[in-house]
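Residue numbers (the working numbering), protein chains in the order written: chain A, 395 to 589; chain B, 395 to 589.
Hints are computed from structural coordinates only; laboratory data are not their basis.
There is no bait here: all hints are sound.
Each pair may be met inside one copy or between any two copies, as identical chains are not told apart.
Listed next, the in silico EDC-like pairs over lysine to aspartate or glutamate satisfying Cα-Cα at most 20 Å (straight line):
(1) K420 x D583
(2) K547 x D558
(3) K433 x E447
(4) K540 x E525
(5) K522 x D510
(6) K545 x D558
(7) K529 x E579
(8) K508 x E575
(9) K547 x E450
(10) K580 x D510
(11) K433 x E450
Number of protein chains: 2
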Amino acid sequence: MSHRIITISREFGSGGRTIGKEAAEKLGIPCYDQELIEKIAEDSGLNKDFIREKGEYAPRGSLFASSFFYDRSYTGFNVQDLLWQSQRKVILDLAEKGGCVIVGRCADYILQGKHDLLKVFVYASMEKREERILKVYGENEEAPRKRLEDKDKRRRAYYRLYTDMEWGQVQNYDIALNSGELGIEKCVDILTMLY
Amino acid sequence: MSHRIITISREFGSGGRTIGKEAAEKLGIPCYDQELIEKIAEDSGLNKDFIREKGEYAPRGSLFASSFFYDRSYTGFNVQDLLWQSQRKVILDLAEKGGCVIVGRCADYILQGKHDLLKVFVYASMEKREERILKVYGENEEAPRKRLEDKDKRRRAYYRLYTDMEWGQVQNYDIALNSGELGIEKCVDILTMLY
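Kindly generate the complete structure, drawing on both the sequences and the hints.
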């Protein structure tokens, strides 16, 4: 059976997860985030920190020299691919349960054509995201801008590898929200209205 | 004095103009479109068809070989630049009058920093835009897809030349709406809500 599902792709620090959670709460539907990680851990046997980090990001460093790609050239399959398979299975199973919000993890791509999706992209300027991560995560040894650029780059690489699509390219979404300009609350209102 | 102004950039055939008009009507503010062309005609002495066509589009053909660029290399200034200057002046003057909606013509770039802008990008898939232009403009000698691709390409080139920014790149906007998926009415509702 097909359900109405909101998938949220977001730039790191844009507040996309918060928007997803608050919209789900208003709509009285589940928002899968921590639960997703727990289910993937159960299904795959991988540990939660690995899933949290590697289920959305290509590894650090020069991408083509990294083990991420290197391992695959020998075996055609690596632990990252195992995670992808498990993640895909868990997302498909959860979606079968009914309407929900799913944050990140290429859910838009995985559920395409199977459910009635509202595909959302949340973004903000570098300055607004810097402000937000300092506020939410506190000071960090790493410069916030460097951290943001690194996260963006790795998320884009991950998305491209597994979906063969461009992350953040507006044509792949139904709506794109600049949370830095609109504010979190207005973004939540819009998603609630569109559901 | 600074006013709240909605600027709409849109892909050809996405219904961006209709969304702008209907949102303005609901909000009880003017939507500048035809009036813009008339004022530019008065100000510049150029004819309306020229303004309609050349105020948003780079000319057809290989862009770098065209007279658009060629003329400029001799005089540093051509009729297209005259139009740009006039367009800029008219948009700045109209914006001074109060809150409004302005469709196209790089108004987002021209008014940036001068007014309280809601910068909107309206887009849709090629298929949905084909459907729409056939419905709105009727059958055309030129294949609709070719016409859409040509319009997109020339609008992008025009925008880049005069603003030095990428047209349709989401980071330049506050919100991007896929009118083909959301429908015209929902897009109007969102703009009304955000004003």
